[in-house]
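Chains as they are written, first to last, in my numbering: chain A, 785 to 1063; chain Z, -5 to 287.
All the given hints hold, so there is nothing to weed out.
Each computed SDA-like pair below joins lysine to any residue, with the alpha-carbon atoms no more than 20 Å apart:
| id | chain 1 | residue 1 | chain 2 | residue 2 |
| --- | --- | --- | --- | --- |
| 1 | Z | Lys175 | Z | Tyr124 |
| 2 | Z | Lys151 | A | Gln1062 |
| 3 | A | Lys980 | Z | Pro95 |
| 4 | Z | Lys151 | A | Pro984 |
| 5 | Z | Lys92 | A | Asn965 |
| 6 | Z | Lys92 | Z | Asn15 |
| 7 | Z | Lys264 | Z | Arg250 |
Honestly, the hints are just simulated from the structure, not real lab data.
Listed below, chain by chain, are the residues.
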Amino acid sequence: MPFVRFMANSLPQRRKLVPIWNSNLQALALFLVVLIVFLGAWELGVQLNVFSQLVPSASRTLQAFWGWVSDPFFDYGPNDKGIGWHVLASLRRVVTGFLIGSAIAIPLGILIGLSDVISKAVDPYIQVLKPVSPLAWLPLGLGLLKDSENTALFVIAITSLWPTLINTKFGVSNVDPAVLNVARTLGASRWRTIWKVILPAAAPSIVAGLRISIGIAWLVIVAAEILVGGTGVGYFIWNEWNNLEITSILTAIIVIGLVGLLLDRLFGLLQTWVSFGQR
Amino acid sequence: MISSHVDPVDISSTSAQLALNHVFKIYPGRQSWQDKLLRQTSPDFVALADINLEVEANTFVSIIGPSGCGKSTLLNIIAGLTPPTRGSIKLNEVEISKPGPDRGVVFQNYALMPWMTVFENIRFAIETVYPHMTIVEQKNIAREYIDLVGLRGAERKHPHELSGGMKQRVGIARALAINPKILLMDEPFGALDALTRGFLQDEVARIWEQQRQTVILITHSIEEALLLSDKIVMMTRGPAARIAEVLDIPFPRPRRRESLDQYPAYHELKAELEMHLSQETRAVEEARIKVKP
Ligand SMILES: Nc1ncnc2c1ncn2[C@@H]1O[C@H](COP(=O)(O)OP(=O)(O)OP(=O)(O)O)[C@@H](O)[C@H]1O
Ligand SMILES: [Mg+2]
Chain A
785 MPFVRFMANS
795 LPQRRKLVPI
805 WNSNLQALAL
815 FLVVLIVFLG
825 AWELGVQLNV
835 FSQLVPSASR
845 TLQAFWGWVS
855 DPFFDYGPND
865 KGIGWHVLAS
875 LRRVVTGFLI
885 GSAIAIPLGI
895 LIGLSDVISK
905 AVDPYIQVLK
915 PVSPLAWLPL
925 GLGLLKDSEN
935 TALFVIAITS
945 LWPTLINTKF
955 GVSNVDPAVL
965 NVARTLGASR
975 WRTIWKVILP
985 AAAPSIVAGL
995 RISIGIAWLV
1005 IVAAEILVGG
1015 TGVGYFIWNE
1025 WNNLEITSIL
1035 TAIIVIGLVG
1045 LLLDRLFGLL
1055 QTWVSFGQR
Chain Z
-5 MISSHVDPVD
5 ISSTSAQLAL
15 NHVFKIYPGR
25 QSWQDKLLRQ
35 TSPDFVALAD
45 INLEVEANTF
55 VSIIGPSGCG
65 KSTLLNIIAG
75 LTPPTRGSIK
85 LNEVEISKPG
95 PDRGVVFQNY
105 ALMPWMTVFE
115 NIRFAIETVY
125 PHMTIVEQKN
135 IAREYIDLVG
145 LRGAERKHPH
155 ELSGGMKQRV
165 GIARALAINP
175 KILLMDEPFG
185 ALDALTRGFL
195 QDEVARIWEQ
205 QRQTVILITH
215 SIEEALLLSD
225 KIVMMTRGPA
235 ARIAEVLDIP
245 FPRPRRRESL
255 DQYPAYHELK
265 AELEMHLSQE
275 TRAVEEARIK
285 VKP
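Construct all of the structure, not just a fragment, from the sequences and the given hints.
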């Protein structure tokens, strides 16, 4: 009898453990294997002189990476700053430009989402300007604003405009007609309908637009900073290229990727928060 | 108006009488030159032809008719959501032209705001209709109607956490909480399973005993109509649907579904309704078969 009970108790527990090992741990193991094989091949290739002389060894790169990341905020003059300062400078530009772009894109998107006439009137401008690389605006910005810092903000603002604009318009013009009818039967004013019904209903689309925008803005800032210079991760990369410090460039690439991932996750959280209960 | 909220059993003054006169609804077909060019034209569609109906105050009226005959169209016209092509709709002698809070609407698909809790959905309606009411009073009314439909304890839930029956309770509470003169319901229990439907029918009957508002209910169910109504309006099939007949349902209230069939008139009325519906439905099917080849 005790033996039977023991069997009955232990079986389901074992069954529970197996799927966890199967999915998450397997993936982690595979990830580590790929990483080790990659680093090993890299190290071996450099030792055997397979690559060009410029390529640093994996071990040297990891050491440099740790050097930069463990002390991100040192400052020995304009050309010798910790990578943390550069990340902060780039983030400040991206956030400021993104806020300016969003402050234009969201109201405009609501307007064209609400009015068919305005939508049709503005659509040609959007269609023509949207496919243009944001960097094409950079010389124009320099010419008009005569200031590299403002030009970077200008470029980021334009970058953040389009996805937010288009998503906001989509969200606003696709609100469930049933809830709009509810507002109508209650005699809700236009303003109240917009604030209390249309905006909350469109919020998931709007935040999806913001998420795409900040992602592209983070892509574009590196290129913009390589061109305008001064501070920021883009400038850092260019500066280290001039010093032929490939390890620093690789470090910067990983850091840029991690910061981009973080931004995306933040907006992902915001997205789940505003779309609670919807869809 | 506000004081009547405190005492929902108050009758006549808040309710309303409705009159439809020569109401037509014609959905325009596609006949522009672009459609002609693409050979996509379609003729105008006469959904409702010459609907005349008087609904007295404090009566419960059901509208029954074959599928697709124009019941929703008629209710939407009364709600003000769809304009009639011709004819007039008067609520207490006043012509109706747009939606308004004098008519409470319960929708078939519930139409709750998914980002609002049960409580917020109801308070949104109250706040919209009575913007000058104090927040405390708004909350009290919301609570009162949550109790009325038996949703106490679910106030903080969001619609996606509710069953269909609970969602429709919220829909009913929301429509009642603004104290409308007339309640319009378009197949409110159509999407529910039979047990839940019966349960909610009893609830509506109970609430109606308390409030005695004018109600217009669209339904496919003969039993539902017989249980709840003072009058049943039978519509003919579309296109150009009309009112075929209005039946008086004389059973005393409060009614109980188990004992309703003990009244002698019950079986007669039920047979008449069933015959009308099956006749019209058969005609619809026959017309469809003729059109196809
Ligand atoms: N916007 C519209 N444009 C053209 N025709 C329409 C439109 N809305 C409804 N109709 C037509 O009018 C007729 C009546 O539709 P309605 O939805 O009022 O019927 P119903 O009686 O409510 O049907 P059901 O019992 O299936 O709910 C249908 O034949 C439908 O095809
Ligand atoms: Mg219908």
